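Peer 1: Chains as they are written, first to last, in this note's numbering: chain A, 1 to 276; chain B, 1001 to 1265.
In case anyone wonders, no lab produced these hints; they're calculated from the structure.
Check each hint, because a few of them may be wrong.
[What the hints assert, rightly or not] What follows is a list of derived Cβ distance ranges for each label pair:
#1 B:Ser1241 with A:Ser139: 41 to 51 Å
#2 A:Ala181 with B:Asp1225: 42 to 52 Å
#3 B:Val1030 with A:Thr137: 49 to 59 Å
#4 A:Asp226 with B:Val1242: 41 to 51 Å
#5 B:Thr1133 with A:Lys31: 45 to 55 Å
#6 B:Ile1164 with A:Thr42: 52 to 62 Å
#7 B:Phe1214 with A:Arg32: 48 to 58 Å
#8 A:Arg74 with B:Leu1082: 51 to 61 Å
#9 A:Glu33 with B:Ile1164: 24 to 34 Å
#10 B:Phe1214 with A:Arg118: 29 to 39 Å
#11 A:Thr137 with B:Met1224: 36 to 46 Å
#12 B:Phe1210 with A:Gly15: 34 to 44 Å
#13 B:Ile1076 with A:Asp201: 25 to 35 Å
#14 B:Asp1040 with A:Thr42: 39 to 49 Å
[Unchecked claim] Here are a few chain B residues that sit away from chain A, every Cβ distance over 10 Å (derived from the structure):
#15 Val1013
#16 Arg1060
#17 Val1122
#18 Asp1191
#19 Val1207
[To be verified] Taking beta-carbon pairs under 8 Å as the criterion, some of the chain A residues facing chain B (in silico):
#20 Ser17
#21 Phe84
#22 Gln90
#23 Phe136
#24 Leu138
Owing to the predicted nature of the structure, the values given are computational and were not obtained by experimental measurement.
By construction, the Cβ of each residue, glycine as well, lies at the ideal position given by its N, Cα and C atoms.
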Amino acid sequence: MALVARDVSYTYAGGRSFGVEALRSVDLSLKREDLVVVTGTTGSGKSTLLRLLAGLLAPSQGTVAVDGMDPSAREARGSVAIVFQDPETQFFAETLHADVMFGPRNLGLDYASEEADRALRTVGLDPDIYGGRSPFTLSGGEARRGAIAGALAMAAPYLLLDEPTSGLDADGRRSIREALAAERRRSGVLVVTHDPMEFLDEATAVVALDSGAVAFSGTPQELYADPAPYTRAGLELPPVVRTQLLVRDAGMRLEHVVCDPARAAESLLTARGASS
Amino acid sequence: MRVPTTFGQYVPVDSPVHSLDPRAKMGVIVAFTLGLFLVDGLAGMSVFAAAVGVVLLVSRVPPRIAFRGLRALGLILVFTLLAHALRWEPATVSLVRVGPVGVDADGLLRGVFFAVRIVLLVVGTSLLTLTTTPVQLTDALETLMRPLGRIGFPAGEVAMMLTIALRFIPTTAQEAEKIIVAQTARGARFDEGGLVARVRAYVPVLVPLFVNLFRRAEDLAVAMDARCYRGGRGRTRLHISVMRARDWAVLLLSWAGFVTVGILV
């Protein structure tokens, strides 16, 4: 049971002189309780991959399957929830609760209202306070969380998010990180992001794309062990990770390399204590 | 689901049609339209169809893109055909008859004639925007409208409005498509149910689309103001286009050809 892409390629305007190859032979697997981080430079094919996984585009080559089904097939409806970039620009209902309920109601869920309440709580918005408010009056961070709640409410086994934390302040990013950590208990979560630092400590896998091809695929610890393919793809590891790698390369033995500054400091202090 | 838009979507390929001066192309379109309305037989219409075919071929615009604009006109074409072909008077019916309604051969031919005229008009004029960038188009309009400035007509402002309007047609279409995809991902269905249900299904698309458009218009106005836009007066141009001999030749030949065919055939 997984959302699987096998040898997937995609070309925009395929067969025409101005066609653009966006993805080339990409393999990816997302299981429930996984957190997969897909990263890459602008134009590397991240958003195209997301659309293929959600069944919104059909691959030019290769296959995408969600629990063995074609994600665009009718029977797969509701299996994959997706949150696009700037999802708050898609609000339309009079109240946030009604907007969040849109997805589960379309799927015919009897408990749409309860799912909407649950989703709002997951993203840290109290349904009693925010549910009755117009989504157009929310602050940037609240609106983003509300829009993500719209996808969570569909209770899909696989959740895909495109740049969920872009443009948010530290509080907003933390809220979304916590919401996704909670959601992982029931869904596989795939995050596409330019800035993977938020998610690397929790990630089960990292996929880096370079000009439509996979430049790196593995766990975060495998990435830290040999970051060369990742950096060759034009990507930079977070400064806190780079610092730890420099210390490690200088000969100090580190148990783990992490993104969280507090845990990184602890790890460095422990290593220094052991070496002195 | 795609938003069917052809108008304003420039196809970036290198061709003799693309390199023609936009003013010449606009002049050709006027001659083409005039001739198309003057012509009164299928023989004359076939000349115009051949002209569109040749220009399409030379322009290297994929036919699929050129004909995409017709999708939205399907109902109008069917209506045009039926309105001319169907007859109530039994005496004039010569082909098929169902109860009091019959299909008349002359009417059918007339229906085909008018439907073909609509198709050629749409495809022919689409070729202008498919081979000319919005900026080239509005620059040409501004040049053509400039003499009107002497009687107080705000040619620069009108050209800027047209530039912005044309520039934002594809952006708005992409935005609509993005919202449709996002709402589809949330289980919305736009192709199910009766007419009322389908119209209502578009509320979750139209509300955010208009909200975003107004926001974008506001942002654009502020950005233009911040970059000291004060209207068209005194603005100069980086690229000044000049009508070459080739442009004049195409323009004059098309006027002579289309109008002659329109009057004679």
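Peer 1: All hints, please: hold or fail.
Peer 2: Results for each hint:
1. Restraint check, Ser1241 of chain B to Ser139 of chain A: a C-beta distance of roughly 48 Å satisfies the suggested window 41 to 51 Å.
2. The hint said 42 to 52 Å for the Cβ distance between Ala181 of chain A and Asp1225 of chain B, and at roughly 44 Å that hint holds.
3. For Val1030 of chain B and Thr137 of chain A, the Cβ-Cβ distance of about 50 Å falls inside the hinted range of 49 to 59 Å, so the restraint holds.
4. The hinted window of 41 to 51 Å between Asp226 of chain A and Val1242 of chain B is violated, with their beta carbons roughly 59 Å apart.
5. Between Thr1133 of chain B and Lys31 of chain A the C-beta distance comes to about 48 Å, which sits within the given range of 45 to 55 Å.
6. At roughly 26 Å, the beta carbons of Ile1164 of chain B and Thr42 of chain A sit outside the given window of 52 to 62 Å.
7. Range check, Phe1214 of chain B to Arg32 of chain A: about 41 Å between beta-carbon atoms, so the 48 to 58 Å window is missed.
8. Roughly 35 Å separates the CB atoms of Arg74 of chain A and Leu1082 of chain B, a value that falls outside the hinted 51 to 61 Å.
9. Checked against the given bound of 24 to 34 Å, the beta carbons of Glu33 of chain A and Ile1164 of chain B, roughly 49 Å apart, lie outside it.
10. Range check, Phe1214 of chain B to Arg118 of chain A: Cβ separation about 33 Å, and the 29 to 39 Å hint holds.
11. Between Thr137 of chain A and Met1224 of chain B the beta carbons are some 28 Å apart, a value that contradicts the proposed interval 36 to 46 Å.
12. Take Phe1210 of chain B and Gly15 of chain A: their Cβ atoms lie about 36 Å apart, and the range 34 to 44 Å holds.
13. Between Ile1076 of chain B and Asp201 of chain A, the C-beta spacing of about 59 Å breaks the proposed range 25 to 35 Å.
14. Distance hint check: the CB atoms of Asp1040 of chain B and Thr42 of chain A are about 56 Å apart, inconsistent with the given range 39 to 49 Å.
15. Remark: the non-interface label on Val1013 of chain B conflicts with the geometry, its nearest Cβ contact in chain A lying 6 Å away (cut-off 10 Å).
16. At roughly 8 Å, the least C-beta separation between Arg1060 of chain B and chain A is not larger than 10 Å, which violates its mark as non-interface.
17. Distance check on Val1122 of chain B: its Cβ is at least 22 Å (rounded) from any Cβ of chain A, clearing the 10 Å threshold; non-interface status holds.
18. No beta-carbon of chain A is positioned within 10 Å of the beta-carbon of Asp1191 of chain B; the least distance is around 12 Å.
19. Not every C-beta of chain A lies more than 10 Å from that of Val1207 of chain B, the closest at about 4 Å, which undercuts listing it as non-interface.
20. The interface hint given for Ser17 of chain A holds, since its Cβ lies 6 Å from the closest Cβ of chain B, which is under the 8 Å cut-off.
21. Interface restraint check for Phe84 of chain A: the shortest CB-CB distance to chain B comes to about 5 Å, inside 8 Å, so the restraint holds.
22. The closest approach between the C-beta of Gln90 of chain A and any C-beta of chain B is roughly 5 Å, which is under the 8 Å cut-off, so the hint is satisfied.
23. Interface hint at Phe136 of chain A: satisfied, since its Cβ lies 7 Å from the closest Cβ of chain B, which is below the 8 Å cut-off.
24. Interface restraint check: Leu138 of chain A against chain B, minimum CB-CB distance 13 Å, threshold 8 Å, status violated.
Hint compliance for this structure: hints 4, 6, 7, 8, 9, 11, 13, 14, 15, 16, 19 and 24 are not met, and every other hint is.
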